[in-house]
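There are 4 protein chains.
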Amino acid sequence: MKGPYASPGARRVKPAGKPSKRALQALLDGERFIRPWGFQVESLRNGSCTIRLPFRRTLERPGGIVNGPALMAAADCAMWLAIKAHLGMERDALTSELNTTFLSPAIREAVLCTARILKHGRRRIYGVAECHSRTGKLYSHHTVTYVPIEAA
Amino acid sequence: MKGPYASPGARRVKPAGKPSKRALQALLDGERFIRPWGFQVESLRNGSCTIRLPFRRTLERPGGIVNGPALMAAADCAMWLAIKAHLGMERDALTSELNTTFLSPAIREAVLCTARILKHGRRRIYGVAECHSRTGKLYSHHTVTYVPIEAA
Amino acid sequence: MKGPYASPGARRVKPAGKPSKRALQALLDGERFIRPWGFQVESLRNGSCTIRLPFRRTLERPGGIVNGPALMAAADCAMWLAIKAHLGMERDALTSELNTTFLSPAIREAVLCTARILKHGRRRIYGVAECHSRTGKLYSHHTVTYVPIEAA
Amino acid sequence: MKGPYASPGARRVKPAGKPSKRALQALLDGERFIRPWGFQVESLRNGSCTIRLPFRRTLERPGGIVNGPALMAAADCAMWLAIKAHLGMERDALTSELNTTFLSPAIREAVLCTARILKHGRRRIYGVAECHSRTGKLYSHHTVTYVPIEAA
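Protein chains in written order, with numbering that gives the first Met the number 0: chain F, 0 to 151; chain G, 0 to 151; chain X, 0 to 151; chain W, 0 to 151.
In case anyone wonders, no lab produced these hints; they're calculated from the structure.
Treat the hints loosely; a few may be bogus.
[What the hints assert, rightly or not] In silico contact screen, one side only, chain G against chain X (beta carbon under 8 Å); selected entries: (1) 96; (2) 98; (3) 122.
Note that the Cβ used here is the ideal one computed from N, Cα and C, for glycine as well.
Same shape as in the complex, but just chain F (with noise of 0.2 Å):
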């Protein structure tokens, strides 16, 4: 990450294993499977992060209705980013269970999806995931499990 000529007192805008929200867009869009979403992250916080999934006419159900895989797709990205800045880029975790709630329809919209780490175990990271609008309306509420991969 540090240029050629960083002077030796260079600043290190993160301390190290802690990611810019840049490193983990690059992240996402180094992923083949999850590009066709076109995830943005938003904003990144202690053990939470905010991504967001641009409108598309190619997630469109039945009445302009973004489809339910999307928001769960975004609900395990969301989690997984907010997992790679608590733990480090160089230690990754394996989704085990998501749990979603469908709770009402986005509507040819783009959707936030915010992830919030509720613990933090040596076997098991925990913890929820909401898709919503800029002003707060719910779409579906989640609950996400992921398993840390031991260091090889």
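Place chains G, X and W on chain F using the hints.
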């Protein structure tokens, strides 16, 4: 099904409202957001439906693992078809809850998903779906709740 | 509730149908199957309710851990009261789904359970419940769906 | 299982570590918090266990409905016994997740609960449990995850 004196043009392949495998495949193919997964209807039984997710490089996570959202989409679609087969094409239902547990990774291979209705109520249709290999190895287990849409 | 000689301006502690903490406690105490847990109503807020499960030796699993079914019963009851507080005493609802994740053991101590309604629809009431200590340590996390019973 | 020279009185009903129905019943009866439900072990099969919740007036909700926490406790216990039968008495596991969907009320009647292990991993044991009548009517459906406790 055909009576003994049925005239040549009288074939009724299915009783009204019980869609054929071909009709369900057309339903899947007609939904733009489902098409990228390329699901194929494999078999239909009373209250149960199996679809196939062909393996594609674009489904891979690192390690060749079929991505989780694809399995959740398969569970959602397989249950949708099981319900359409049960209710008839003219009636529809929306996903209300979908709980997923990932059990083993599917690695560079086609995945079958079998959904089965356990309870068909007036206000709720509940069932389980399993993603599995042709030989019965279990990749993920899902419970799915759909809510029938009232006839307009 | 108003006595026979109440003057015109007599205080009406609650608007009709918004039950008091005492009324909700009486509701709990009136249900024979709930009584053994000894739940106490702690606080009520808009769409939210906290109850307390006092520690008793009869709740212990080996190791002094408060047993899991007691936490699930707490989640179910706390959400029920949050809904009664919202709908009014004369209307009722039945549990339809209850998902639980156990996060940390509660060991020989009282447990608080706070339920909060996230979505109140005509056909479904959805919320989360958390069992926690007085200092905020999380023991279990639950999502709960209730279905309103139609007025007869 | 009996060796060739086993004397008549030497029967070893079960291989070491595979507990009998009687041993599992004693386990249930030994847990103070479980005793009030009066669960009876009905049958054991490979990876599966059925218990019975006898009807008692103290289980009733208004309308004679068997209360939901009792069905969740049954699911938790039936899966616990299925796991003990599989792992052997000397090893144990703790409930990590328990998802419940209530499907039909059980009204003033005994309830059977059958749990079945679907996946037995090193870090997680996953299965389904169903509360049902003797004739197969389904009252509730559960998915249950247990985590094995490492040998000390």
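Hints versus structure:
1. 96: holds, 6 Å
2. 98: holds, 7 Å
3. 122: For residue 122/G, the interface hint holds, since the closest Cβ of chain X sits about 7 Å away, which is under 8 Å.
In this structure, none of the earlier numbered hints is contradicted; all agree with it.
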